[in-house]
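4 protein chains.
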Amino acid sequence: MKNTFGNAFQVTIFGESHGDAIGIIIDGLPAGIALDFAFIQQQIKKRQPKEKISTKRHEDDAIEIVSGFFENHTTGSPLCILIKNNQHNSKDYEALRYLLRPSHADYSAHIKYNGYQDFRGGGHFSGRITAPLVVAGAIALQILKSYGIQIATHILQCYDIEDESFASDEESLQKQIQSINNHTLPVVKEETAQKIMQCIQEKAQQLNSVGGIVESIILGVPAGLGEPFFDSLESTLSHLLFSIPSIKGVEFGLGFAFANKTGKEVNDCFYYKQGIKTKTNHNGGINGGISNGMPIHIKAVVKPTASIFQKQETVNIKTKENTILEIKGRHDPSILPRVCVVVDSVLAIGILDAYMQYAMYQQLSKK
Amino acid sequence: MKNTFGNAFQVTIFGESHGDAIGIIIDGLPAGIALDFAFIQQQIKKRQPKEKISTKRHEDDAIEIVSGFFENHTTGSPLCILIKNNQHNSKDYEALRYLLRPSHADYSAHIKYNGYQDFRGGGHFSGRITAPLVVAGAIALQILKSYGIQIATHILQCYDIEDESFASDEESLQKQIQSINNHTLPVVKEETAQKIMQCIQEKAQQLNSVGGIVESIILGVPAGLGEPFFDSLESTLSHLLFSIPSIKGVEFGLGFAFANKTGKEVNDCFYYKQGIKTKTNHNGGINGGISNGMPIHIKAVVKPTASIFQKQETVNIKTKENTILEIKGRHDPSILPRVCVVVDSVLAIGILDAYMQYAMYQQLSKK
Amino acid sequence: MKNTFGNAFQVTIFGESHGDAIGIIIDGLPAGIALDFAFIQQQIKKRQPKEKISTKRHEDDAIEIVSGFFENHTTGSPLCILIKNNQHNSKDYEALRYLLRPSHADYSAHIKYNGYQDFRGGGHFSGRITAPLVVAGAIALQILKSYGIQIATHILQCYDIEDESFASDEESLQKQIQSINNHTLPVVKEETAQKIMQCIQEKAQQLNSVGGIVESIILGVPAGLGEPFFDSLESTLSHLLFSIPSIKGVEFGLGFAFANKTGKEVNDCFYYKQGIKTKTNHNGGINGGISNGMPIHIKAVVKPTASIFQKQETVNIKTKENTILEIKGRHDPSILPRVCVVVDSVLAIGILDAYMQYAMYQQLSKK
Amino acid sequence: MKNTFGNAFQVTIFGESHGDAIGIIIDGLPAGIALDFAFIQQQIKKRQPKEKISTKRHEDDAIEIVSGFFENHTTGSPLCILIKNNQHNSKDYEALRYLLRPSHADYSAHIKYNGYQDFRGGGHFSGRITAPLVVAGAIALQILKSYGIQIATHILQCYDIEDESFASDEESLQKQIQSINNHTLPVVKEETAQKIMQCIQEKAQQLNSVGGIVESIILGVPAGLGEPFFDSLESTLSHLLFSIPSIKGVEFGLGFAFANKTGKEVNDCFYYKQGIKTKTNHNGGINGGISNGMPIHIKAVVKPTASIFQKQETVNIKTKENTILEIKGRHDPSILPRVCVVVDSVLAIGILDAYMQYAMYQQLSKK
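Chains as they are written, first to last, in the numbering used here: chain H, 1 to 367; chain Y, 1 to 367; chain C, 1 to 367; chain G, 1 to 367.
Calculated from the structure, these hints are not laboratory results. The structure displayed is predicted, hence computed values, not measured ones. Among these hints, one or two may not hold up.
Below, computed lysine to aspartate or glutamate pairings styled on EDC-like, alpha-carbon distance capped at 20 Å [what the hints assert, rightly or not]:
#	chain 1	residue 1	chain 2	residue 2
1	G	Lys311	C	Glu162
2	G	Lys45	G	Glu71
3	C	Lys264	G	Glu313
4	H	Lys84	C	Asp20
5	H	Lys279	Y	Glu321
6	G	Lys261	C	Glu265
7	Y	Lys261	H	Glu313
8	C	Lys277	G	Glu313
9	C	Lys261	G	Glu313
10	H	Lys311	Y	Glu265
11	C	Lys195	C	Glu162
12	H	Lys277	H	Glu202
13	C	Lys52	C	Asp332
14	H	Lys261	Y	Glu313
15	Y	Lys261	H	Glu202
16	Y	Lys273	H	Glu321
17	Y	Lys273	Y	Glu171
18	G	Lys279	C	Glu326
19	H	Lys261	Y	Asp160
One side only, chain Y facing chain C, incomplete, derived with CB under 8 Å [said to hold, decoys possible]:
#	residue
20	Pro222
21	Tyr272
22	Met356
23	Leu364
Ideal placement from N, C-alpha and C gives every residue a C-beta, glycine not left out.
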């Protein structure tokens, strides 16, 4: 624990990759929402292995609604969604049971749970646990869409290959978002997709893996979301992003590029033209932890997949001997292509939770 | 709201810069702790304006314990601490009341609170609100010290000036931490302090401000802290860091430098030598959201102070007219020198909260 | 929502009586606990319909562990347990869909959820939702037993029939608890069981239902549990008890009998004899919201089952017409025989959650 | 801890009776509310000692707003309110420091906090801590009034004296509420006030104390408040009520009188007449944990004041010797006259918190 997140739109996650199923509870869904299952399937598909650059394991990811849904609408009661796991050959893992995989949760989880954790396939630490998050995210995205809010994420960088950054004007942004949805990989330019595919395949052949950066944009968020001091929008969104395995850095707006800038260079001056806007958006749509009506702009770094097929030095936790580990099985040499939809999903969960709290105070404040 | 953070060690913050006082409630302090007031004062002092490069406003920051402390020990009941504000001349602010300061919370807070927010000096969004956090952090640091845990933060970069990075070996680290505490500014090398002073003074003369990067290290954390899925140690620490005004990016270990690396280059291989350790620490002491016993290594970027004295374009929120703003008063051209102790403080709060939960499960798991 | 309860031992409940399954997530279980499935089954059986005085519907209540359990031990990750629902004939309910059943949640839920709630069999408001609580309670009871804590509940009163009250001495109490477990119904004296069976059958024949009182005792709780001000032990235990459908009153120790007493009559004087105890236990083991080491003594009143087969006046919520309702189907004329194990379960959940917090502070306070 | 309560309207309480001040933080107040200070003062006055039947100690209870209030309106930031304590003679308590007062928190708190608790005057367990609750309650009541919600509490029983119960029709109820506000004590009939005064004085002369029952009514609550399963309205209101020192039982509607009733006798049949109502209100306005639009009807029992001036047997916790205790100082022989406003206050806090969540879901559900 702690596997529950959110104040108004609250999700509780459970499951291990080699158990019967993984799943999620959503508590706090308004009643009467007709779920868009085609959209949910589309999002799930985005998270599934990509041809040529992913593990070949087949994942159905068929969802099963256990509760909270009746006559094609949400009921207001907790929505429980299960995704069955396929049968896995757990023997693969038994052989390496006591060999700590470098940069994995193996060691820290072993200590935390006194050796009782389900070690097969990463257990509760497996990337697979993000599949139900995508389902919850799809539902959140559907609701946000009805409020005019849109979220998109693409691979900005994969190893040494870079995609086009998000534009600063709405029209270009909309075109970019369309491209991301239509290309082979979630990138703005199709040629980047091809280069990234090639890069990942190359590293895979070298029994290696690569990292990269994903870039997100959230459009249509009204000014006023975020609950500082502690629940600043940056705080809650980063909280969610850092729960995604492999994410090791998060920045808003200019982020780390603020370091060698002056205030004069980066302050976002206000102007009035059919509403109050800022001329630039270096702060990435958030001031004082509260959305300011400009696009919310986020970047997150994804470390190279920890599972590589080269021999690595490690320790046998049982015998305490130094030894050599050779990981078998199927592992993506980069999760970048599949992580974008997960990032969209947690951002949607965070923004909807903030929106619901914002809506409550707006309503009561007017009285 | 939300001004409360933590599960076991829970803090609630309140106050505005121009009200009577600001303060904090700590709920969840174990009973029987003899507070080290000299240390608290020392920490408060670190946050106070630095000669030559800060605003000249005098801040006493004398703390007043309202509750939860008796016969020189914590009682187990909520500890409430107040810090009185000095008398401010609020008229300074009245003139600019409706002029939105660029990159400040003025606009987003105005919308969120329907114009009722206390606008003077940033109100609840003032950096001053971090003073009681430093007090709570000092208490957390004192308790963590008794568990063998140590936290240090220095200015790694200020505009184009860079300090020495934290070393990878314990001995060098301890020397660096000593240096940080003894120098004019929180930096490893005294010459960096001089350069940074000069840089900040220069920008101040240009009525400008600068950003930078702070680097933190947490030593002595046992393996096992962090409560994934959602309360991964990265999630809770970043949540706290992003609540500090001006912080726009957070990274752990290599952070954004993971982007163009391969798994082979950055995986942290385990070895056994009087305990299990990793040869490198690219993951910054956290695997799977749980501490792994290695030093926890964090960087955060601080944007240039939004308040600059040059003329800036903006909007009058009352008249909706585009206009020119000229900020008066006292504002630090860079908060880097003062923010380090705030970073130490929120990290201490987050680590102690995680430690208390870890201690609980360790104890019960053994039964 | 809100379907999550607890700080350290946290449960999240989901499901409707006519959906595929109901279930519960337990987050915060220490790792390494070997679940006692025979005991869980035994507890589930206690909640199942009793011959002659219950609905005849067959409930398997076979439990399915979805996650958090591996190699016969808890893993420290969330434990998800499902209980499949049998196939129900939902047409039964369609006919009465818009007729509000008196004293049921029909109307208040209709308004709250804008008519989208699952109305079949009470949906999320069905007593059936307490089945997974019994599973979680069984696990909590098993853990508490290892700490020397014991919980028992019996029917103290059913309509005009009264059982023997809990004794004040440990030895008699232990005998009473054994009796409760061995008798036809959860009562201290077998003759009461016979009378209650007769009473319930009689009322059933009259197409009516009856209420009553249950009495609980918690033995072996150390002094120090409870987190006042707001999480007094009375607060958290009553919070849980009042979430059980049909419970309309809760009292501790003398409870409402305190009303016409004087302090002299009811103060519990302390004495020392191999530890500090009180001569009487009018306060029911709790002083100032914190356990005092004496048995925790609670009574709760259960209203007569709202579903009765006599004709009742009501309103058609669709047409807004006054009309007559005649409920069909299977409904217990009294839930007293089945509710005792549910009461035991929520008390176990509450006590374990308090115990874990108590254990954490005890451990840290000693440092 | 835990001294924070609420999801949307969140209060955090702190302070001890012999510290400098006690106080409360309210987080989640909508911005722009002009506080009615005359009403706050009026409520505070209701909690102050009553002539002849109370301790003579003078309590100013002047409130001091530390934050969250500006230009006569709430700002949306946390409202911190302090109430200074008068100078107390703490030496009174030193003499009895190690003598456990029967039925007080002395022993349980001593164990919980390892002897470090502030023992003077009950410390954090003092009834005085309810004073800031009354301030928060007054603010909640003011807001609820603007939504058409009204709360009233009277002494229904004091020892063997009984007041008139709340009527079932709105018109009579309004007259009763007026009476309660105008009489010498919070009772419906002035003659009851006289009898209760006499009873309390009599018991006081006998160095004794008395218990009783308070009855509350909440009018104007729309159908739909309450968040089952766990946050049923009965759960959250009882949670708050049981945090008030001395309350040992809570019931809704018929409460314990349901025990010997049949469903036929007590089911509340619906009828339509300018809206859907129930003919009777045995369920006290709550069905399935959700308000049904009828008046919410609650009773709570208050145990006799534990502090009596007769000699009592007890234990010296330091020496572990059995001994005799003779309490000195000032203690109300009954808190009934003063507790009614505290009950009103916590009910207001609970209802407002539920209302805000209800308002949020209502708003979003309509989209």
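Okay, the hints, checked on the actual structure:
no., hint, in the structure
1, Lys311/G <-> Glu162/C, "violated (37 Å)"
2, Lys45/G <-> Glu71/G, "violated (25 Å)"
3, Lys264/C <-> Glu313/G, "holds (11 Å)"
4, Lys84/H <-> Asp20/C, "holds (15 Å)"
5, Lys279/H <-> Glu321/Y, "holds (15 Å)"
6, Lys261/G <-> Glu265/C, "violated (31 Å)"
7, Lys261/Y <-> Glu313/H, "holds (19 Å)"
8, Lys277/C <-> Glu313/G, "holds (12 Å)"
9, Lys261/C <-> Glu313/G, "holds (19 Å)"
10, Lys311/H <-> Glu265/Y, "holds (13 Å)"
11, Lys195/C <-> Glu162/C, "holds (9 Å)"
12, Lys277/H <-> Glu202/H, "violated (45 Å)"
13, Lys52/C <-> Asp332/C, "holds (10 Å)"
14, Lys261/H <-> Glu313/Y, "holds (19 Å)"
15, Lys261/Y <-> Glu202/H, "holds (14 Å)"
16, Lys273/Y <-> Glu321/H, "holds (9 Å)"
17, Lys273/Y <-> Glu171/Y, "holds (17 Å)"
18, Lys279/G <-> Glu326/C, "holds (18 Å)"
19, Lys261/H <-> Asp160/Y, "holds (9 Å)"
20, Pro222, "violated (14 Å)"
21, Tyr272, "violated (23 Å)"
22, Met356, "holds (6 Å)"
23, Leu364, "holds (4 Å)"
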